[in-house]
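Heads up: the protein sequence lines correspond to chains G and W, in order.
No gaps in the numbering here: position 234 of the first sequence is 234 in the numbering used here, and each next residue is one more.
No gaps in the numbering here: position 43 of the second sequence is 43 in the numbering used here, and each next residue is one more.
Hints are computed from structural coordinates only; laboratory data are not their basis.
Here the structure is a predicted model, which means the values were calculated and not measured.
Misleading hints may appear alongside valid ones.
Mimicking DSSO-like on lysine-lysine, the simulated pairs with C-alpha atoms at most 27 Å apart in a straight line are [unchecked claim]: (1) G:94 <-> W:27; (2) G:94 <-> W:233; (3) W:233 <-> W:27; (4) G:198 <-> W:99; (5) W:99 <-> W:242; (6) G:257 <-> G:318; (7) G:198 <-> G:318; (8) G:88 <-> W:233; (9) W:86 <-> W:99; (10) W:242 <-> G:88; (11) G:88 <-> W:86; (12) G:94 <-> W:99.
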Amino acid sequence: MRALGRWLVAALLLLIGRRRARPARPERPRYEAGGRDELLVLTLLAAVPAACVAFVVVYFTDASTQWLGLALGGAFALAAAAAGIAGKRLVSQKRHVEPRPELEHPEEQEEVLRELHEPGEGLTRRRLLLTAAGGAVAALLGALAIPALSLGPGAGGRLTRSPWRRGRRLVDEQGRPIAAATIEVGNFLTAFPEGADKEDFASPLVVVRIRPDELRLPAHRSNWAPDGILAFSKICTHAGCAVALFRYPLYRPRSPKPALVCPCHYSTFDVARGGHRIFGPADRALPQLPLAIDGEGNLVAAGDFSGRVGPSWWGVRKS
Amino acid sequence: MGGPEELIRGAVSYFDARLGGVPVLRKTLHYVFPDHWSFMLGEIALYCFVVLVGTGIYLTLFFDASYAHEVYRGSYAPLRGTEVTKAFGSTMQISYETKAGLLIRQAHHWAANLFLVAIVLHLLRIFFTGAFRRPRDVNAAVGVTMLALALLEGYAGYSLPDDLLSGMGLAIGYSVLLSVPVIGAWLGALVWGGAFPGGDEFVSRLYIAHVLLLPIAIALLVTIHLAIIVRQKHTQFPGRGKTERNVVGTRLWPAYALRSTSLLLAVVAVVFLLGGLVQINPIWLWGPYHTYAATNGAQPDWYLGWLIGGLRLMPPLEIHVFGYTLVPNPFFGGMLFPLVVFTLLYAWPAIERRITGDDARHELLDRPRDVAWRTALVAAFFTWVAVIFVAGSADQISVHFQIPYGQQVWFFRIAALAAPVLVYLVTRRVCAELRSRNSRPPRGAVVRRTPAGGFERIER
Numbered sequence: 001m002r003a004l005g006r007w008l009v010a011a012l013l014l015l016i017g018r019r020r021a022r023p024a025r026p027e028r029p030r031y032e033a034g035g036r037d038e039l040l041v042l043t044l045l046a047a048v049p050a051a052c053v054a055f056v057v058v059y060f061t062d063a064s065t066q067w068l069g070l071a072l073g074g075a076f077a078l079a080a081a082a083a084g085i086a087g088k089r090l091v092s093q094k095r096h097v098e099p100r101p102e103l104e105h106p107e108e109q110e111e112v113l114r115e116l117h118e119p120g121e122g123l124t125r126r127r128l129l130l131t132a133a134g135g136a137v138a139a140l141l142g143a144l145a146i147p148a149l150s151l152g153p154g155a156g157g158r159l160t161r162s163p164w165r166r167g168r169r170l171v172d173e174q175g176r177p178i179a180a181a182t183i184e185v186g187n188f189l190t191a192f193p194e195g196a197d198k199e200d201f202a203s204p205l206v207v208v209r210i211r212p213d214e215l216r217l218p219a220h221r222s223n224w225a226p227d228g229i230l231a232f233s234k235i236c237t238h239a240g241c242a243v244a245l246f247r248y249p250l251y252r253p254r255s256p257k258p259a260l261v262c263p264c265h266y267s268t269f270d271v272a273r274g275g276h277r278i279f280g281p282a283d284r285a286l287p288q289l290p291l292a293i294d295g296e297g298n299l300v301a302a303g304d305f306s307g308r309v310g311p312s313w314w315g316v317r318k319s
Numbered sequence: 001m002g003g004p005e006e007l008i009r010g011a012v013s014y015f016d017a018r019l020g021g022v023p024v025l026r027k028t029l030h031y032v033f034p035d036h037w038s039f040m041l042g043e044i045a046l047y048c049f050v051v052l053v054g055t056g057i058y059l060t061l062f063f064d065a066s067y068a069h070e071v072y073r074g075s076y077a078p079l080r081g082t083e084v085t086k087a088f089g090s091t092m093q094i095s096y097e098t099k100a101g102l103l104i105r106q107a108h109h110w111a112a113n114l115f116l117v118a119i120v121l122h123l124l125r126i127f128f129t130g131a132f133r134r135p136r137d138v139n140a141a142v143g144v145t146m147l148a149l150a151l152l153e154g155y156a157g158y159s160l161p162d163d164l165l166s167g168m169g170l171a172i173g174y175s176v177l178l179s180v181p182v183i184g185a186w187l188g189a190l191v192w193g194g195a196f197p198g199g200d201e202f203v204s205r206l207y208i209a210h211v212l213l214l215p216i217a218i219a220l221l222v223t224i225h226l227a228i229i230v231r232q233k234h235t236q237f238p239g240r241g242k243t244e245r246n247v248v249g250t251r252l253w254p255a256y257a258l259r260s261t262s263l264l265l266a267v268v269a270v271v272f273l274l275g276g277l278v279q280i281n282p283i284w285l286w287g288p289y290h291t292y293a294a295t296n297g298a299q300p301d302w303y304l305g306w307l308i309g310g311l312r313l314m315p316p317l318e319i320h321v322f323g324y325t326l327v328p329n330p331f332f333g334g335m336l337f338p339l340v341v342f343t344l345l346y347a348w349p350a351i352e353r354r355i356t357g358d359d360a361r362h363e364l365l366d367r368p369r370d371v372a373w374r375t376a377l378v379a380a381f382f383t384w385v386a387v388i389f390v391a392g393s394a395d396q397i398s399v400h401f402q403i404p405y406g407q408q409v410w411f412f413r414i415a416a417l418a419a420p421v422l423v424y425l426v427t428r429r430v431c432a433e434l435r436s437r438n439s440r441p442p443r444g445a446v447v448r449r450t451p452a453g454g455f456e457r458i459e460r
């Protein structure tokens with residue numbers, strides 16, 4: 001392999017050397033009827049149908065994308081070369097000079113303006129008529145634009161609706177309830193409200209578990225994380241992506257603290273402090289869902305989110 | 001019956017007798033194109049658009065724009081049995097079951113990426129050479145509008161298959177729309193027909209926008225763009241025999257027609273070679289979208305990178321009043337930033353006119369070095385956007401080069417402000433250097449023997 005490489009380098013050097021040594025080529029007249037260029041174009045043109053046939057053959061046999069692309073692209077490349085060489089070498093390259101048209105017509109401008117103004121000259125309330133006509137046109141356009149409003153239902157309603165209620169069970173993607181005992185410290189999973197639309201922004205949760213002594217929740221949320229299990233909305237409050245990354249310290253003294261990270265713009269939320277933002281462009285905290293454990297040991301919601309879910313809009317409450 | 005000459009003669013006389021079109025045809029064949037490679041960039045964009053329409057029509061015959069659910073039963077084993085939307089399922093069908101489907105789909109996607117590359121390079125050419133001055137300010141505005149529409153069109157296109165990346169892109173788009181002051185929530189509901197992620201009414205709107213409304217708008221603007229060029233004729237770089245009142249170059253027939261055809265064929269060739277050999281947007285690896293799913297290291301198509309960068313670099317600033325959010329954060333990076341960029345692009349011809357007081361007609365282009373202040377300003381402006389664009393890939397940089405993401409954000413924030421200043425100064429300097437090197441008197445002239453036997457002197 002190395003020997004081959006050395007040979008290649010040697011050959012390359014030789015080629016470069018030869019090219020340098022060669023005296024400057026006398027300039028060939030570009031327009032040359034007959035001769036080598038015609039033959040070259042002819043060869044290229046003859047190869048085009050061959051490549052096309054190859055394309056058809058590939059299509060009817062294994063139809064692999066690579067061969068199809070190579071054959072079809074090759075056919076076009078041959079044709080491009082033929083046309084290019086013909087355009088540069090086979091036909092006249094004569095330089096032509098064309099005068100530019102004059103664009104402006106000052107006298108005609110005046111005439112046209114006069115003709116445009118003439119009809120209105122006898123009228124007494126020209127201004128008023130024009131204003132009224134303008135108003136009428138604007139009103140017509142406005143009326144025509146109104147049906148476009150049917151495109152959407154009014155805002156409100158859906159943006160703020162949430163399927164989470166006290167006592168609603170958390171289920172996994174297959175709809176099975178989630179036993180609190182199966183979640184270990186450092187775990188991370190996605191959960192949904194039982195029986196609700198999973199795709200709704202207000203539905204998906206990230207459930208994580210950290211050590212209870214790590215919790216730094218505000219006082220009124222002190223009972224929202226049974227056994228250190230926390231639930232947050234999975235939709236980033238910055239730009240609506242799923243907060244799909246969970247950073248959990250592997251080596252406590254050096255690693256950063258447990259956090260949820262959105263992979264779109266890397267907004268990072270402090271898990272222990274109730275979804276507080278610590279890095280990235282998001283401004284609002286990740287909404288937290290209070291959790292409880294029901295009689296069967298499964299996770300249930302103990303209320304609704306601490307704030308509005310998903311990306312912000314004008315007038316949304318900050319927390 | 002004669003040969004092709006006879007056929008063409010017949011066609012010409014047929015249409016001349018009915019439409020009187022021969023003078024127009026003659027004028028067209030005589031149309032002069034100045035020769036410069038940078039004039040091809042717009043043409044490449046045009047040909048990409050042609051390929052996009054062609055491949056796009058093919059894809060509409062197989063794609064099903066619906067969020068209705070179905071169970072995937074195709075030949076890609078890892079997803080078999082998964083519940084997917086018909087949009088996702090039909091894109092999988094195109095990729096795996098339809099013969100040549102993946103080739104056309106990937107060619108379509110590659111063409112979209114190249115389309116925007118060509119548009120942006122063309123735009124740079126226009127800005128660096130002052131081609132936007134009177135009388136072309138009007139066509140510059142048409143072009144900038146096409147860039148905006150092309151960005152929207154690309155975004156709509158890659159949002160259609162309902163894979164994980166397209167869903168994440170839509171969620172961000174929805175959030176940006178929602179963040180518009182006062183009317184954001186209403187706008188979001190208007191476009192999505194309710195709350196995100198929306199249902200069939202939303203995907204059918206997205207689809208009709210992608211396959212009908214936006215392409216027609218772009219096609220219309222392309223027509224206007226070209227009609228204006230034909231009316232005003234091309235600009236040209238200064239040079240021997242070139243004045244403000246003529247065009248010097250090659251006629252459409254035959255040389256230019258052949259070269260341009262060659263360029264069209266070359267664009268198609270590149271797109272099909274890429275479509276066949278280089279994988280793009282393998283949605284089976286991303287999987288179907290759910291609001292509750294996201295992946296790390298997601299990157300949009302390249303031309304949206306600057307918006308991701310804008311969203312990522314923006315400090316956590318929101319405007320609050322009495323505990324209520326008024327302007328949410330995505331507004332700044334996702335809405336205000338592109339608005340500023342596009343306003344500057346639209347307004348630049350007028351701004352420059354104000355600065356220089358030059359409202360004369362310009363048919364000769366500036367060489368970038370000759371108008372150093374403009375070249376430097378334009379370079380600084382594009383550096384600003386480019387730094388933010390690179391910041392959109394900061395997560396990839398942190399994976400590949402082990403540079404912590406948080407440090408990069410600060411680096412790019414500072415670079416976005418500092419790099420344009422630096423580039424401005426360096427560009428002015430480089431322009432001055434180039435100019436001084438150029439102002440040396442030419443050494444001698446070339447003497448060439450003419451076919452008639454005489455000698456002619458060619459000034460350099």
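Practice problem: Taking the numbered hints from earlier one at a time, note which ones the structure violates and give those numbers from smallest to largest. | Solution: 4, 5, 11 and 12
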